[in-house]
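*Asks:* This is what each chain is made of:
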Amino acid sequence: MNLKFDKISSLVFFILGLFIFLESRKISQSTLDTAIGPGVFPAVIGIALMVLSVVLFIETIKFKKIYKIIEKETEKESNDEESQSNKKVFFIIIISTFLYILLLEKIGYVITTFLFLFVAFQTLERSKWITSFIVAALFTGTIYVGFVKILGGNLPGLPF
Amino acid sequence: MDTINYLIDGFTIALSWYNILFALLGVIIGTLVGVLPGIGPMSGVALLIPVTATLTSGMPLESAATSSIILLAGVYYGAMYGGSTTSILLNTPGESSSVVTTLDGYQMAQQGRAGSALAIAAIGSFIAGIVALIGLILLAEPLSKLAIDFSPADYFSLMVLGLAAVSGLAGKSITKALIMTCAGLFLGTIGIDVVTGVARFTYNQSVLYSGIEFLTVAVGLFALGEVFKTILEKDYKQEEISKINRIIPTKEEMKDSAAPIARGSILGFLLGVLPGAGATLSSFFAYSLEKKVNKKRDKLGKGYIAGVAAPESANNAASGGAMIPLLTLGIPGSGTTAILMGALIMYNVQPGPLLFEEKPNVVWGLIASMFIGNVMLLILNMPLVKVFAKIIDTPKKYLLPIIIAISIFGVYAVQYTTFDLILLLVCGILGYLLSKNDFPVAPLVLALILGPMMESNMRRALTISNGDYSIFIKEPFSLAFLIIALLWIFIPLLLKMRGKNVVISDEG
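Same order as they appear, the protein sequences are chains A and B.
According to the numbering used here, the first sequence is numbered sequentially starting from 0.
According to the numbering used here, the second sequence is numbered sequentially starting from 286.
FYI, nobody ran anything at the bench for these hints, they're computed from the structure.
Please note that the accuracy of each hint is not assured.
[Stated by the list, open to error] Some chain B residues near chain A, calculated using beta-carbon distances under 10 Å:
id, residue
1, L300
2, W302
3, S342
4, P345
5, E347
6, S348
7, T466
8, V483
9, R485
10, V512
11, K587
12, L706
13, L709
14, I714
15, G752
Backbone N, C-alpha and C define an ideal beta-carbon position, used for all residues, glycine too.
The following block holds chain B by itself, in its conformation from the complex (with noise of 0.2 Å):
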């Protein structure tokens, strides 16, 4: 029963009076990026990193890291409760991953059942966030038990396999998506060597010897990339926004959606554990479970509630699901864990099979706090979701240039470099003219982060074998890992070739 014990250590440190502020600072902040449609959960988690690093800065390294992280946690599944008012409101999601919830959301809004709508998305969320926990609680120990065992070449296997789960299923091109992964694990080479203590690709610039900052990359691609996107092909004029009016969802709007809520929190918990699949496409997949098996099948799209209650269950399902890879293995799923993972690092703490032995704290601290967190976004969305629908009125016209100099801020205050702030320009427009072309930045930034790690698992794998490249394939985990990796790229390709549409992840 050690579990418990430490669930119980990990409420006593979420509960405390400066880590319940840092979650509901997170939740909040999560759902504002969930509301406006300019910035993503990427993006958000990129730009909040270097702020939190400043409100911990007089904490210990570990209560700093657990802190950070319970806020940083709190922005991503915030996001996910955010980004359905937008899409019932608008018609606009505010995320990719409430894209299927505009289907049915908007209908409703135009019905005048903008509310329900709502607070369903809210209880649904809520309900999901809790089933994720669940799983994550009881998936935690077994696997990072099963996963203390790998050997070096094991590790380097899984990280390929994380790579190219992510960009299987990043964009509509995989081979444009390997090149970003290829960047992405160059980007990570450049640097002193850690085992040798060699300079490579620095050419005597002293700004390049501590590598390049993985931040300043993220907030560039995401952040900026999608500021200047924004500006140059939406139009940030302001749209009408449908009305609120009964926030409590009828007797029969809450039966009809019981099932589709427990259909959705089960599919985006497995969908969001493996690898690449992530929030987006496990509310795609919600939706059209819902159309395949609902009684009421043939009202989806017409308003019906169900249409809202299963994606918007899924994609928060999903992103507590998201957690367990990255707490237990240490190979983030998709972008936005990856980012949280660059955190975690940036405290020194390494996520992987050792964090829970090494920092229960953190992790206990992580999951307590997130039980409250989702307690915190169902009190906070229902009533004060007119409040937040308000939000959606900030002129775009404010919010561009603010997410710009929040941008050079955050990237300033951590590194203190005008290098870094011209890579973080070059960064914002490579990420919009990439994006732009179906060249998904996602992948870069995991390599980025991932890169340095596979790379000295690699070598001290050959160093155990002499050099023989052999050992990869010859140890059975190791093996495995690279079969599935590679199923994972060739599968899709061989569907898309026999011209199957093939759902991406745009969220990566």
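Isolated chain A (complex conformation) (with noise of 0.2 Å):
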């Protein structure tokens, strides 16, 4: 639990409502005029975002004491060193999935596969580099000869 996180996203979700719900108003209008248009669903959708986001910040306000409380402690634990390490690791392993993802079509499957995995593995637990890379490369090879070879897949394999 955390206070700071609720009332943002207490925020957050408002926010989400009332676009939601002055964007399906726009839908409404640009259709015949029927009794229930393609606008109606979404409105009530965001009217009830607003108000559970309002009721949402009222309870985060409420519960302020038994918050502070909780707070404190999470601090202690997010201070300490193994889940710095912990974060550190947390981000590579983002950065080397956006960089898979992007360049998973440029550069094709079996390049980006195998390169992210190695990279992960050894991230994760920095061991025998030999280790990882048999996995890394059974892992790659299975799915891509599985796939595309034996059950006919399509997946852009290799940039050449």
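Given two chains presented individually in distinct reference frames, assemble the corresponding complex, making use of the accompanying hints.
*Replies:* In structure tokens, the structure reads:
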């Protein structure tokens, strides 16, 4: 539980609700004059989201005292060394996943998958690189050969 | 005696060589999913949808749907068998539905009785699975006959009830669960409106015209979300595993677990049929029931076999029971069944009362294969339990990146767009952040799947009534569903206000 997250998210969901509501009004106006146009359902969702966000915000303020105690505890947790190194690992994984996704269509499945796995294995635990190398190569090979060659699926293979 | 004929037809379908293979594959993967702590039944099923889509790509649509659902359902109930393994051997539940199994299961392992705990868990799961199937067969026909007369207004309200039930029990805060439901409903409206052909919330982005794909969202929120959580929160170092000595339980243990298995199976099945309750809750309830009625209840918590038998039977029976609202009404009662429903819709098979008339092969093939699957699981789990226990040793270092790679491969192989991959990653990060802050993600996925159907039923109802909204409270079924939906939300709320502890379902 996190007071800040709940506050921010109630704001975000309120804005989302407002946005959905306003945008859905536009949809209704642009279509034929029927009782239940395509904008009605989204408009209801928008209103519901706004109401719920307000409720969440009130709840957050109401439980402030309880939250404060919990917050102190979580602060302690997040400051210790292990969770710092976990965070570093997490960001490396996120960034390599992002690069993997962006490059998948450009340089093909085989190279990107292999590199992603190798980097991720070594990031999670630095150990013998040869095992990581073999596991990454085996996985990539199995998926590619199995899917493209045996099952006749379609994947961007290699850049050349 | 139509049912028996249908069942026989079902067995002929389920016993074809490839469907046996699909069922076997499903239950093996399910057991693995259950054993591996980083991955639950929801992400397991979601991850396998693209794989099964590829495997069945050459088959005609209806048999492809049958084979896929056989495999995916196998993963679902297989995970219930596997979940107990880590609870007993490691004191870490593989699934949230096996949390209570740790209480007595791990104690038994410490006393050197891990083997009999595992065996009883498997036997209990098997009996419970069969009980749930018999219930499914008996209830399916009458329920779908009843539901076939539902009007659009009834359907709309029934779906409201389904969403309310899942939201009411999904997390610590009902407000947050309802927010997630609304977010899911909104995501479901993105794309071309099927009735009028108007593009909604697309902003000239061609990737948005076909709508947000549920598969991408589900895999991202569940599979990637769980991976990120494991990286950030748990340390992925290995733990020590208890040894397994003898697998065959003693006569006394068999005697002690007979009644708890029976009670757990029936309770679990009944709770499974209710939307929202699911496997996790039923295992909790089964354990507390034992605490109340078992003659040797003082031994519970100290390594008593009933503490393993009851919850493990209950969660398996619940997973079978959960198939009933899915197949007969088209309302999934939990996150995992929502994903199963999404898979069926991908194959153009619409779960609901018409399913039994229009696609009897799919339903009865599935039901028959669940019999076969349960037998396979019993056979697999008794002698192979030591092998499965070894799988816990799989280093997470390899497991986590491979789950990411399978997610990306799976989504890309079905969608072929970089947009979906980016959506996948975003959903993964959001899934971690949201569930960490008690925003349950299962209601979102459920709403995303039910949303479009809810909307079309709402509009059909309002067209019939000429825009008069009172149609939803004028029709008796519809009114009843709406009242139950309201009660489902407000009763837990009232209990919470009174300071009572409300059990919640982590599985969703």
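*Asks:* Would you pick out the hints that fail for this structure and give their numbers low to high?
*Replies:* 1, 2, 4, 5, 6 and 11
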